[in-house]
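Asker: The primary structure of each chain is shown beneath.
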Amino acid sequence: MNDQFDIIVIGAGPAGISAALEADHHGASVCLLDEQASAGGQIYRNVSQSTPARTKVLGSDYLKGEQLVRDLRNSGVVHRTGVTVWKVGQDGTIAYSKEEFATQIKGRHVIIANGATERSTPLPGWTKPGAMTVGAAQILMKSAGIVPTNAVLIGSGPLLYLVAQQLVTAGAPPKALVETQTKTDLLRATRHLVPALKGWKQLAKGLQLIAAIRMAGVPRFTGATNIAIHGDEKVDRVSFEANGKNHSIQVTSALLHQGVVPNTQITRSIGLKHIYSGQQHCFHPVTDLFGQSSNIVFSIAGDGAGIGGAKVAALSGKISALNAVCQIGKIPKSKCETLAAPILKKRSAELAIRPFLDAAYPPPADVLRPADETIICRCEEVTAGNIRRFASLGCKGPNQAKSFGRPGMGPCQGRYCGLTVTQILAQETKQSHDVVGAYRIRAPLKPITLKELASLETPKEPETVK
Amino acid sequence: MNPESSSTTAETVIIGGGLHGLSTALHLAMRGMKVVVLEKDRVGRHASSANAGGVRRLGRALPEVPLSVASAKIWQDISDLLDDDCGFVSSYQVKLADTDIHLDQLRDRAKQVRAIGFEHEEMIDQQTLRDLVPAVSKECIGALAVKGDGFANPFQTVRAFYTKCVDLGVVFHQGHGVETITRFADDWVVRTAKHTVTARNLVNCSGAWGGKIAAMLGDHLPIEVRAPMLMITEKMPHFMDGVAGAQGIPLSFKQFPNGTVLIGGGNVGQAYPETNETALDYQGLALSAATAWRYFPIMENAKIVRCWAGLEGFMPDNIPVIGKGYQDNVFHSFGYSAHGYQMAPICGKILSELIIDQEASLPIDAFDPARFRKNSRENGSETLEKFAS
Numbered sequence: 000m001n002d003q004f005d006i007i008v009i010g011a012g013p014a015g016i017s018a019a020l021e022a023d024h025h026g027a028s029v030c031l032l033d034e035q036a037s038a039g040g041q042i043y044r045n046v047s048q049s050t051p052a053r054t055k056v057l058g059s060d061y062l063k064g065e066q067l068v069r070d071l072r073n074s075g076v077v078h079r080t081g082v083t084v085w086k087v088g089q090d091g092t093i094a095y096s097k098e099e100f101a102t103q104i105k106g107r108h109v110i111i112a113n114g115a116t117e118r119s120t121p122l123p124g125w126t127k128p129g130a131m132t133v134g135a136a137q138i139l140m141k142s143a144g145i146v147p148t149n150a151v152l153i154g155s156g157p158l159l160y161l162v163a164q165q166l167v168t169a170g171a172p173p174k175a176l177v178e179t180q181t182k183t184d185l186l187r188a189t190r191h192l193v194p195a196l197k198g199w200k201q202l203a204k205g206l207q208l209i210a211a212i213r214m215a216g217v218p219r220f221t222g223a224t225n226i227a228i229h230g231d232e233k234v235d236r237v238s239f240e241a242n243g244k245n246h247s248i249q250v251t252s253a254l255l256h257q258g259v260v261p262n263t264q265i266t267r268s269i270g271l272k273h274i275y276s277g278q279q280h281c282f283h284p285v286t287d288l289f290g291q292s293s294n295i296v297f298s299i300a301g302d303g304a305g306i307g308g309a310k311v312a313a314l315s316g317k318i319s320a321l322n323a324v325c326q327i328g329k330i331p332k333s334k335c336e337t338l339a340a341p342i343l344k345k346r347s348a349e350l351a352i353r354p355f356l357d358a359a360y361p362p363p364a365d366v367l368r369p370a371d372e373t374i375i376c377r378c379e380e381v382t383a384g385n386i387r388r389f390a391s392l393g394c395k396g397p398n399q400a401k402s403f404g405r406p407g408m409g410p411c412q413g414r415y416c417g418l419t420v421t422q423i424l425a426q427e428t429k430q431s432h433d434v435v436g437a438y439r440i441r442a443p444l445k446p447i448t449l450k451e452l453a454s455l456e457t458p459k460e461p462e463t464v465k
Numbered sequence: 000m001n002p003e004s005s006s007t008t009a010e011t012v013i014i015g016g017g018l019h020g021l022s023t024a025l026h027l028a029m030r031g032m033k034v035v036v037l038e039k040d041r042v043g044r045h046a047s048s049a050n051a052g053g054v055r056r057l058g059r060a061l062p063e064v065p066l067s068v069a070s071a072k073i074w075q076d077i078s079d080l081l082d083d084d085c086g087f088v089s090s091y092q093v094k095l096a097d098t099d100i101h102l103d104q105l106r107d108r109a110k111q112v113r114a115i116g117f118e119h120e121e122m123i124d125q126q127t128l129r130d131l132v133p134a135v136s137k138e139c140i141g142a143l144a145v146k147g148d149g150f151a152n153p154f155q156t157v158r159a160f161y162t163k164c165v166d167l168g169v170v171f172h173q174g175h176g177v178e179t180i181t182r183f184a185d186d187w188v189v190r191t192a193k194h195t196v197t198a199r200n201l202v203n204c205s206g207a208w209g210g211k212i213a214a215m216l217g218d219h220l221p222i223e224v225r226a227p228m229l230m231i232t233e234k235m236p237h238f239m240d241g242v243a244g245a246q247g248i249p250l251s252f253k254q255f256p257n258g259t260v261l262i263g264g265g266n267v268g269q270a271y272p273e274t275n276e277t278a279l280d281y282q283g284l285a286l287s288a289a290t291a292w293r294y295f296p297i298m299e300n301a302k303i304v305r306c307w308a309g310l311e312g313f314m315p316d317n318i319p320v321i322g323k324g325y326q327d328n329v330f331h332s333f334g335y336s337a338h339g340y341q342m343a344p345i346c347g348k349i350l351s352e353l354i355i356d357q358e359a360s361l362p363i364d365a366f367d368p369a370r371f372r373k374n375s376r377e378n379g380s381e382t383l384e385k386f387a388s
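The listed protein sequences correspond, in order, to chains A and B. In terms of numbering that gives the first Met the number 0, the first sequence has 456 at position 457, counting the first letter as 1, and numbering is strictly consecutive. In terms of numbering that gives the first Met the number 0, the second sequence has 364 at position 365, counting the first letter as 1, and numbering is strictly consecutive.
Treat the hints with care, as some may be off.
[What the hints assert, rightly or not] Cross-link-like lysine-lysine pairs, in silico, DSS-like; alpha carbons within 25 Å at most:
1) A:K450 to B:K302
2) A:K445 to B:K234
3) B:K323 to A:K395
4) A:K200 to A:K55
5) B:K33 to B:K234
6) B:K211 to B:K323
7) A:K395 to B:K193
8) A:K445 to A:K429
9) B:K193 to A:K429
10) A:K450 to B:K137
11) A:K329 to A:K55
12) B:K234 to B:K137
13) B:K33 to A:K445
14) A:K182 to A:K197
15) B:K110 to A:K395
16) A:K200 to A:K97
17) A:K244 to A:K174
18) A:K450 to B:K234
19) B:K193 to B:K33
20) B:K137 to A:K233
21) A:K450 to A:K395
22) A:K97 to B:K234
23) A:K272 to A:K395
24) A:K244 to A:K182
25) B:K302 to A:K97
26) B:K302 to B:K39
27) A:K127 to B:K234
28) B:K110 to B:K72
29) B:K39 to A:K429
30) A:K197 to A:K63
For the record, the hints were derived by calculation from the structure and aren't laboratory data.
Could you build the full structure based on these sequences and the hints that come with them?
Answerer: Rendered as structure tokens:
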């Protein structure tokens, strides 16, 4: 064991940075672990190194991250960058690799702030070169300044508009927005509109984005179905149905997005309790208001606990840090509650828009119940039809499915297909998502080399068998 | 009685739906017997799926050699038995030596096997080894080898046995563990929460839980449950066909046809048979990684994508319990101590012979449960009284 800390925070996005700063402020020794070379998470990726031109494309919200990163630099937080956390033990022991060398550290309390991951979008052709998630396209823009041209954006949700507008600003307007949400979805969402008005600033921003996209002359199709991505070696065409007509668009890239879901690889691996949210169509770990999970050693902050966005994440980070420093005795319970009260209030105001967004931009049937021939598990090339066949042969859950046809057993460790496999099996077996469950996740949480694993502890020379 | 429960009669009830239970059920059904299998979880859920898939005669404990050799013959034509090749790749298994001491130990071993009349284990020199396994470390100076050994796919094997059993009319009740076992006239009555099965013969193929079931039958057999760990890499370019172990250090190393490399060899995690859970010991895995890297330098930067462990029953002498129990018409077949996969085809046949012919066609005295019976007799009478009531 190399190091011990009062608090270890995993992930340096808005939730993780805020949590680390708050815990540091209360006198705890804090170690912040992050996979990227610089702090910011997905939303503020690379923010401290951004050029003025790139910042213009990415907008003012992106710059808000700068202040957080500056505060982090001036704090007492031990910030370890470029590390891959590959094991989290139930007692707060964490193993990570950095530059091909594995280390173990231990925290008295661990705040998991590993954020969200993009929902998989299993549509016909989604695995072809040239098809990628909107998030992946954003990473290219933020860290390499590469802008996808001749793109069509497919899916639904606020991020789709943001990236479309960013592409317009970068001088590479997308050829079209192919949106899957329907008028019915929007109508259904309106019953959440009154509480959502508390989040009017966000709504206004969304409307501004849509106006800017329209101004740039980018065609929008809504209620799109039967979407398919075509091309022999790489993507060259996208086809779909909208407004009762068939459409076909020549493209060089297809950018896919169906919102984000909590990244539960770590929380699953520790065996924390999870529950399926029908509103967000995904699993999230069970936490109390303070982010406390079912294991006393772990809090969860940010989108990893349930999708709320960057502002909610930053507030959750602070709240979780208060919970953590209270758990380890740095502040009394009463003080924790007093300090948390105004932040909790602010957070619930920020969360007011969620039910509206979740209802207005639901993942479409094509994604929740993909057609039989659509590939679900891209590592092992298992289709939705395969999963349905396993169910007809008596397969009741994702772990059992592995023994039928290897879904989730490739290098992505089930990240792409996990949720979809659960959803298909729930439908086929008429069980609830919670009963069907999810893949059992075990370390290494990310693939690591033999050399890295071997370096964990210099193995003793075993005795020769006589 | 629970209104939802069912009641079945059979000639033989098998407790445990792992490979040994399945193989026993299959061989009995092939001879026309009516069989019910009770499985507390689901068929092949534990060691039968979580094992490394090694099909190996090499290095067997001497009493196991005749059985293992006979099983190898069944494996060579496994499709004839199961209409499925089980992913069996017949290539070789080698046990590597990197010191003269290890080489001498392997030579002695080869002699012992020849002394009991078997020729399949042969020494190979460094050059032959390098021709056979080009990726092996230059430090390796020779090996003990068996040609025709290899590996198969555990999942596929479980499914093949299960499907064939179902085709032959074997009845399976899965998802409920055995709660009571009682005597009714000359029959055994086995109850789970959902099912009651009455049968003349009872076979205990409960693997890691074999000791627990045996105790319910008055046989107190000293089993220890452990959790052998395995890890698998990303797909790599093809570099070997067979399976390698090493003399003097735990290692089991093979590349599957899909390119992934499986590393095991006996380092264990923690076993929690009451809850079906296992925990991994990362120091142990680090040791396995270091060993694999040492014998196969090509592995240095191979990426490990998954690690897991399965629950397995080990006997103190590391050979299984195969034979009659203390009470009438009770048969045990468990405690294979992490090397039962290859033996499943033959051991099911042996059990079917014991049950139908009262006699096995191969020597099984060394596996007699009676070898542990000193304790069993003391406790046995007391248990018998309980069952008699």
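Asker: Determine for every hint whether it applies to the structure shown.
Answerer: Comparing the hints with the structure gives:
Using a Cα cut-off of 25 Å, the hinted pair K450 (chain A) and K302 (chain B) holds, with the two alpha carbons roughly 9 Å apart. For the hint linking K445 (chain A) to K234 (chain B), the alpha-carbon distance of about 15 Å falls within 25 Å, and the restraint holds. A threshold of 25 Å between alpha carbons decides the hint, and for K323 (chain B) with K395 (chain A) the separation of about 36 Å lies outside it, so the pair is violated. As the CA atoms of K200 (chain A) and K55 (chain A) are separated by approximately 21 Å, the hinted pair is consistent with the 25 Å bound.
The suggested pairing of K33 (chain B) with K234 (chain B) is violated, with an alpha-carbon distance near 44 Å, which exceeds 25 Å. With a CA separation close to 16 Å, the supplied pair K211 (chain B) and K323 (chain B) stays within the 25 Å bound. Taking the CA atoms of K395 (chain A) and K193 (chain B), the gap is about 19 Å. The hint holds against a cut of 25 Å. Note on K445 (chain A) and K429 (chain A): the hinted pairing is violated, with a Cα-Cα distance of about 33 Å set against a maximum of 25 Å.
A threshold of 25 Å between alpha carbons decides the hint, and for K193 (chain B) with K429 (chain A) the separation of about 21 Å falls inside it, so the pair holds. Between the alpha carbons of K450 (chain A) and K137 (chain B) the distance comes to roughly 19 Å, so the proposed pair stays at or under 25 Å and holds. Of the pairs offered as hints, the one joining K329 (chain A) and K55 (chain A) is violated, with about 43 Å between alpha carbons and a cut-off of 25 Å exceeded. Using a Cα cut-off of 25 Å, the hinted pair K234 (chain B) and K137 (chain B) holds, with the two alpha carbons roughly 24 Å apart.
Our distance criterion of 25 Å between C-alpha atoms is broken by K33 (chain B) and K445 (chain A), whose separation comes to about 49 Å. Our distance criterion of 25 Å between C-alpha atoms is met by K182 (chain A) and K197 (chain A), whose separation comes to about 23 Å. For the given pair, K110 (chain B) sits about 50 Å from K395 (chain A) by alpha-carbon distance, which is inconsistent with the 25 Å threshold. About 41 Å separates the Cα atoms of K200 (chain A) and K97 (chain A), which puts this hinted pair outside 25 Å; it is violated.
Only pairs whose Cα atoms come within 25 Å are accepted, and K244 (chain A) paired with K174 (chain A) is accepted, the gap being roughly 18 Å. This hinted pair checks out: K450 (chain A) and K234 (chain B) have alpha carbons roughly 17 Å apart, not beyond 25 Å. Straight-line distance between C-alpha atoms of K193 (chain B) and K33 (chain B) comes to about 20 Å, which keeps the hinted pair within the 25 Å bound. For the suggested pair K137 (chain B) and K233 (chain A), the alpha carbons sit about 44 Å apart, so the restraint of at most 25 Å is broken.
At most 25 Å may separate the alpha-carbon atoms for a hinted pair to count; K450 (chain A) and K395 (chain A) exceed this at roughly 37 Å. Distance restraint check for K97 (chain A) and K234 (chain B): the Cα-Cα separation of roughly 23 Å lies within the 25 Å cut-off, and the hinted pair is therefore satisfied. With a CA separation close to 20 Å, the supplied pair K272 (chain A) and K395 (chain A) stays within the 25 Å bound. The straight-line distance between the Cα atoms of K244 (chain A) and K182 (chain A) is roughly 16 Å, inside the 25 Å bound, and the hint therefore holds.
For the given pair, K302 (chain B) sits about 15 Å from K97 (chain A) by alpha-carbon distance, which is consistent with the 25 Å threshold. About 35 Å separates the Cα atoms of K302 (chain B) and K39 (chain B), which puts this hinted pair outside 25 Å; it is violated. For the hint linking K127 (chain A) to K234 (chain B), the alpha-carbon distance of about 20 Å falls within 25 Å, and the restraint holds. Taking the CA atoms of K110 (chain B) and K72 (chain B), the gap is about 22 Å. The hint holds against a cut of 25 Å.
Taking the CA atoms of K39 (chain B) and K429 (chain A), the gap is about 22 Å. The hint holds against a cut of 25 Å. A threshold of 25 Å between alpha carbons decides the hint, and for K197 (chain A) with K63 (chain A) the separation of about 21 Å falls inside it, so the pair holds.
In terms of the numbered hints stated before, the structure departs from hints 3, 5, 8, 11, 13, 15, 16, 20, 21 and 26, listed from lowest to highest.
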